[in-house]
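S.K.: Each chain is listed here by its residues.
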Amino acid sequence: MKIQPIIALLFFGTAFWIGIPVQHAHAYDTQKYEKINSSLSCQCGCGLLVSVCTMDGCMCEGVRKQVGQMLDQGKSEKEITQAMISIYGEQILAAPPKSGFNLSAYVLPFFFLIVGGVVLYSVVKRWVPAIGPSGESGADERSSEPRKGDSELKHRDQIEDELKNLDF
Amino acid sequence: MATLGNISLQVAFFLAIAGFFVAIYARKQSREDLMEAANRIVIGIGILITVGVIALLRELMISNFQIEYVAQYTSRNTPWNYKITALWAGQDGSLLFWNWILSIYAVVAVVQNRKRNLNLLPYAIATILVVQLFFLILNNFIANPFQPVPPGFTIPDGQGLNPQLQNPGMMIHPPMLYLGYIGFTIPFAFAMSAMLTGKLDNLWITSTRRWTLFAWLCLGIGITLGGKWAYVELGWGGYWAWDPVENASFMPWLTGTAFLHSVIIQEKKNMLRVWNMVLIMLTFFLSIFGTFLTRSGVISSVHSFTASAIGPFFSGFLVIIILASVTLLIWRMDVLKTRNQLESLTSRESSFLLNNLIFIAICFSVLWGTMFPLVSEAVRGAKITVGPPFFNQVNVPIGLLLLLLTGVGPLLAWRRTSFESFKRNFMIPIVLALIAAPVFWFAGVQSLYPFVSAVLIVFVGSSIIQEFWKGMTARHRMTGENHFRALVNMTLKNKSRFGGYIVHLAIVFYFIGFTGSAFNVEVEKTLQPGEEMQAGMFSFVYSNHQQLNRPNHVAQIVELEVLKEGKPYGKLYPEKRMYFRSNQPNTEVDIIQTWREDLYATLAGVSGDNNAATIRIFVNPLVQWIWIGGAILAFGTIIAMLPTKPRTIAEKSK
Numbered sequence: 001m002k003i004q005p006i007i008a009l010l011f012f013g014t015a016f017w018i019g020i021p022v023q024h025a026h027a028y029d030t031q032k033y034e035k036i037n038s039s040l041s042c043q044c045g046c047g048l049l050v051s052v053c054t055m056d057g058c059m060c061e062g063v064r065k066q067v068g069q070m071l072d073q074g075k076s077e078k079e080i081t082q083a084m085i086s087i088y089g090e091q092i093l094a095a096p097p098k099s100g101f102n103l104s105a106y107v108l109p110f111f112f113l114i115v116g117g118v119v120l121y122s123v124v125k126r127w128v129p130a131i132g133p134s135g136e137s138g139a140d141e142r143s144s145e146p147r148k149g150d151s152e153l154k155h156r157d158q159i160e161d162e163l164k165n166l167d168f
Numbered sequence: 169m170a171t172l173g174n175i176s177l178q179v180a181f182f183l184a185i186a187g188f189f190v191a192i193y194a195r196k197q198s199r200e201d202l203m204e205a206a207n208r209i210v211i212g213i214g215i216l217i218t219v220g221v222i223a224l225l226r227e228l229m230i231s232n233f234q235i236e237y238v239a240q241y242t243s244r245n246t247p248w249n250y251k252i253t254a255l256w257a258g259q260d261g262s263l264l265f266w267n268w269i270l271s272i273y274a275v276v277a278v279v280q281n282r283k284r285n286l287n288l289l290p291y292a293i294a295t296i297l298v299v300q301l302f303f304l305i306l307n308n309f310i311a312n313p314f315q316p317v318p319p320g321f322t323i324p325d326g327q328g329l330n331p332q333l334q335n336p337g338m339m340i341h342p343p344m345l346y347l348g349y350i351g352f353t354i355p356f357a358f359a360m361s362a363m364l365t366g367k368l369d370n371l372w373i374t375s376t377r378r379w380t381l382f383a384w385l386c387l388g389i390g391i392t393l394g395g396k397w398a399y400v401e402l403g404w405g406g407y408w409a410w411d412p413v414e415n416a417s418f419m420p421w422l423t424g425t426a427f428l429h430s431v432i433i434q435e436k437k438n439m440l441r442v443w444n445m446v447l448i449m450l451t452f453f454l455s456i457f458g459t460f461l462t463r464s465g466v467i468s469s470v471h472s473f474t475a476s477a478i479g480p481f482f483s484g485f486l487v488i489i490i491l492a493s494v495t496l497l498i499w500r501m502d503v504l505k506t507r508n509q510l511e512s513l514t515s516r517e518s519s520f521l522l523n524n525l526i527f528i529a530i531c532f533s534v535l536w537g538t539m540f541p542l543v544s545e546a547v548r549g550a551k552i553t554v555g556p557p558f559f560n561q562v563n564v565p566i567g568l569l570l571l572l573l574t575g576v577g578p579l580l581a582w583r584r585t586s587f588e589s590f591k592r593n594f595m596i597p598i599v600l601a602l603i604a605a606p607v608f609w610f611a612g613v614q615s616l617y618p619f620v621s622a623v624l625i626v627f628v629g630s631s632i633i634q635e636f637w638k639g640m641t642a643r644h645r646m647t648g649e650n651h652f653r654a655l656v657n658m659t660l661k662n663k664s665r666f667g668g669y670i671v672h673l674a675i676v677f678y679f680i681g682f683t684g685s686a687f688n689v690e691v692e693k694t695l696q697p698g699e700e701m702q703a704g705m706f707s708f709v710y711s712n713h714q715q716l717n718r719p720n721h722v723a724q725i726v727e728l729e730v731l732k733e734g735k736p737y738g739k740l741y742p743e744k745r746m747y748f749r750s751n752q753p754n755t756e757v758d759i760i761q762t763w764r765e766d767l768y769a770t771l772a773g774v775s776g777d778n779n780a781a782t783i784r785i786f787v788n789p790l791v792q793w794i795w796i797g798g799a800i801l802a803f804g805t806i807i808a809m810l811p812t813k814p815r816t817i818a819e820k821s822k
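Residue numbers (this note's numbering), protein chains in the order written: chain A, 1 to 168; chain B, 169 to 822.
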């Protein structure tokens with residue numbers, strides 16, 4: 001088990017290193033401006049957000065200007081969004097508002113996942129008692145409890161067993 | 169040459185009809201001579217479609233603008249390599265290209281199976297020929313790439329290829345996607361054949377395992393290359409926009425991944441036979457559906473081909489696929505059903521089932537989000553947009569669940585995981601994740617999803633490395649091989665398993681890149697020469713400007729000196745190009761790429777006598793990890809695809 005400290009060091013280092021770039025992550029002076037533009041969708045057909053669309057002569061340039069002007073006028077995020085909807089229609093929003101029928105867009109995938117999970121659980125639970133503890137060939141020794149004091153040997157056997165049997 | 173191309177496609181059309189009936193009759197009558205005839209018809213169609221492709225390529229290369237397609241997608245000054253890519257740049261050519269790849273696949277499948285798989289091959293051929301026939305109908309009657317310009321018209325020069333498609337990535341990305349989409353036709357065809365013949369054991373799965381892996385690999389690489397192309401070409405600083413066409417390529421990849429996991433259970437335990445049929449049917453359906461989305465004009469996308477009349481044909485074909493495959497499935501349901509048995513809820517088998525559920529849930533959410541604008545318009549009459557904020561909100565938590573399972577699954581034992589085994593396998597990854605969590609937190613990763621993702625990356629990464637380490641040390645102790653040789657031999661002895669783990673490692677790399685995107689910095693500013701702007705810890709000094717006249721465009725180029733904490737770091741040269749032929753402006757980004765972050769510069773424009781330049785800078789952390797992840801994914805899948813030497817009885821009895 002000498003390797004554990006090395007792995008720990010390796011991953012501790014990796015974890016620390018991955019964290020480094022975020023030291024300069026909060027650079028936006030106009031976070032609100034970017035947030036609003038990131039919630040609006042370009043209508044030129046590029047499919048991008050207003051905040052990132054770089055198409056020449058695109059309506060996004062005008063939208064960004066309008067957002068900036070409204071922020072200068074002291075309007076709130078909600079007011080600006082409403083103003084944008086009244087100018088360009090609901091499709092200017094990059095995501096449907098979470099109300100009414102649109103709510104189904106957000107709810108249905110999670111509903112699907114949860115119902116699927118419940119069905120899967122009940123199906124698998126029904127399958128489990130259908131077989132006794134004696135298995136078929138190719139069984140993994142991990143399935144039986146190891147003898148105490150013999151874990152390393154057991155471990156090695158188990159790996160080798162898997163190496164032999166799990167190649168498909 | 170155009171006439172020859174036309175004739176070859178017409179003959180191929182009639183041969184496909186003939187081949188379909190010959191293959192079915194050969195199987196019904198058990199006539200080997202007719203079976204051989206069907207095989208030869210498939211090879212003949214392959215040759216004819218190849219002639220068609222060569223004919224179109226020749227017209228593209230010699231700039232025969234009397235052919236509409238050539239005039240639309242090339243011009244005299246289009247470089248020769250992009251004249252080749254024009255083959256798949258437009259609707260008509262890309263349909264021919266699609267059919268050409270399918271015809272090559274069909275020939276390979278025939279050569280591979282004509283001796284060893286006589287039972288399944290005839291109906292598999294018939295299925296493939298139906299798909300080929302559909303595309304031949306399109307190419308012959310709806311979208312003919314050899315269509316001449318109207319009589320009396322002389323076109324001196326073509327429109328040229330869209331500048332955004334004049335990128336080396338475009339030479340590989342679409343063919344890879346096509347190889348992926350079309351590749352799923354072969355396992356689908358063998359699945360249909362298994363149902364038609366009633367040979368519903370594992371033969372159709374083992375016969376097509378490498379086909380499935382190859383298609384899955386090509387689709388995965390195609391998607392990654394598409395991201396890379398969008399990143400370097402479109403100039404918005406990102407690689408994935410949840411565009412409908414991107415989504416269309418992602419969906420069959422998801423169901424294909426579920427299928428690759430699920431068939432392992434069938435191979436090992438003879439379970440999930442119905443489910444595997446459903447998955448391959450779904451994957452093939454989604455492949456065609458993706459093509460339909462790109463070409464029908466149903467949903468607007470930057471990737472779409474020009475809207476044409478082929479939408480209804482695709483809709484009809486999709487209905488035929490669904491009706492035929494569902495009817496067969498219901499017909500064979502009783503035979504397909506097996507007695508499903510599991511020993512424990514906490515087993516590798518259960519984790520595979522759960523991963524299938526998650527893959528399907530993500531696929532559903534992507535499909536639902538992609539189609540929701542149409543649903544909303546039908547229900548409420550209001551047009552809405554479903555863009556990245558929606559997809560991120562819905563898919564990120566489910567994706568993180570999948571990442572967790574990527575780490576948990578391989579640590580669970582087949583059949584049953586004892587508490588001792590659980591403790592032994594999970595201890596190190598959990599401890600490392602727990603150590604990493606506060607490190608990330610104090611380093612500033614304090615938003616929920618990036619934080620969870622970072623911790624899971626450590627957990628999953630360490631669990632994969634642990635699996636390799638355990639196997640390697642065990643082999644080293646048993647055989648005396650040095651560690652490196654033990655690692656290589658262990659991997660080669662268990663290609664599917666360790667190839668799969670390498671692919672899991674690739675997924676970790678992808679997630680590192682995705683997590684980095686939570687910390688992107690973006691700044692736009694108009695600078696006079698000599699002025700500077702700040703983005704993150706970097707300064708960008710506008711040091712020079714020049715205008716260059718190149719063969720097919722004029723380019724405005726600015727030079728940016730990059731300083732990191734005051735010290736020189738590099739130079740960036742973003743461009744703004746104006747193409748003569750199409751009169752289209754195009755942004756050419758410049759990127760300084762490192763494994764820590766990308767410094768990404770675009771030039772919105774240069775104006776005025778003083779050359780004021782509007783520059784947008786993105787500091788994108790960890791993007792390189794995604795491209796490295798793509799390479800690792802390819803490596804792992806290739807390992808898993810390598811042929812395995814069958815074990816001898818003596819080896820098995822050891």
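By construction, these hints were calculated from the structure, which means they are not laboratory data.
Note that CB positions come from ideal geometry on N, CA and C, so glycine has one too.
Warning: the hint list may mix true and false statements.
Said to hold, decoys possible - In silico lysine-lysine, DSS-like type, Cα no more than 25 angstroms apart, as pairs:
| hint | chain 1 | residue 1 | chain 2 | residue 2 |
| --- | --- | --- | --- | --- |
| 1 | A | K78 | A | K35 |
| 2 | A | K125 | B | K505 |
| 3 | B | K693 | A | K35 |
| 4 | B | K367 | A | K125 |
| 5 | A | K35 | B | K551 |
| 6 | A | K75 | B | K693 |
| 7 | B | K551 | A | K98 |
| 8 | B | K437 | A | K125 |
| 9 | B | K437 | B | K367 |
Stated by the list, open to error - Reference excerpt, derived from the structure (chain A facing chain B, CB under 10 angstroms, subset only):
| hint | residue |
| --- | --- |
| 10 | G74 |
| 11 | E79 |
| 12 | A83 |
| 13 | E90 |
| 14 | L93 |
| 15 | F101 |
| 16 | V119 |
| 17 | Y121 |
| 18 | W127 |
S.K.: Taking the hints in turn, state whether each one holds.
M.R.: Each hint tested on the structure:
For the suggested pair K78/A and K35/A, the alpha carbons sit about 12 angstroms apart, so the restraint of at most 25 angstroms is met. For the proposed pair K125/A and K505/B, the alpha carbon gap of about 18 angstroms is at most 25 angstroms, so the pair holds. Annotation: proposed proximity of K693/B to K35/A holds, straight-line Cα distance about 18 angstroms (limit 25 angstroms). With a C-alpha separation of about 30 angstroms, the suggested pairing of K367/B with K125/A is violated against the 25 angstroms cut-off.
Restraint check: the Cα-Cα separation between K35/A and K551/B comes to about 23 angstroms, which is no more than 25 angstroms; the hinted pair holds. Taking the CA atoms of K75/A and K693/B, the gap is about 23 angstroms. The hint holds against a cut of 25 angstroms. As the CA atoms of K551/B and K98/A are separated by approximately 15 angstroms, the hinted pair is consistent with the 25 angstroms bound. A distance of roughly 17 angstroms separates the Cα atoms of K437/B and K125/A; the hinted pair therefore holds under the 25 angstroms criterion.
Of the pairs offered as hints, the one joining K437/B and K367/B holds, with about 17 angstroms between alpha carbons and a cut-off of 25 angstroms not exceeded. Hint on G74/A is violated. Least Cβ distance to chain B is approximately 23 angstroms, over the 10 angstroms limit. Annotation: interface hint on E79/A violated; nearest CB of chain B at approximately 19 angstroms, more than 10 angstroms. For the restraint placing A83/A at the interface with chain B, the shortest Cβ-Cβ distance is roughly 17 angstroms, beyond the 10 angstroms limit, so the hint is violated.
Taken as an interface hint, E90/A checks out: its beta carbon lies about 5 angstroms from the nearest beta carbon of chain B, inside 10 angstroms. Annotation: interface hint on L93/A holds; nearest CB of chain B at approximately 6 angstroms, less than 10 angstroms. Because the beta carbon of F101/A sits about 6 angstroms from the nearest beta carbon in chain B, less than 10 angstroms, this interface hint is met. The restraint placing V119/A at the interface with chain B holds, with a minimum CB-CB distance near 9 angstroms, inside the 10 angstroms limit.
The closest approach between the C-beta of Y121/A and any C-beta of chain B is roughly 8 angstroms, which is under the 10 angstroms cut-off, so the hint is satisfied. Given the 10 angstroms rule on beta carbons, the hint for W127/A holds: about 4 angstroms separates it from the nearest Cβ of chain B.
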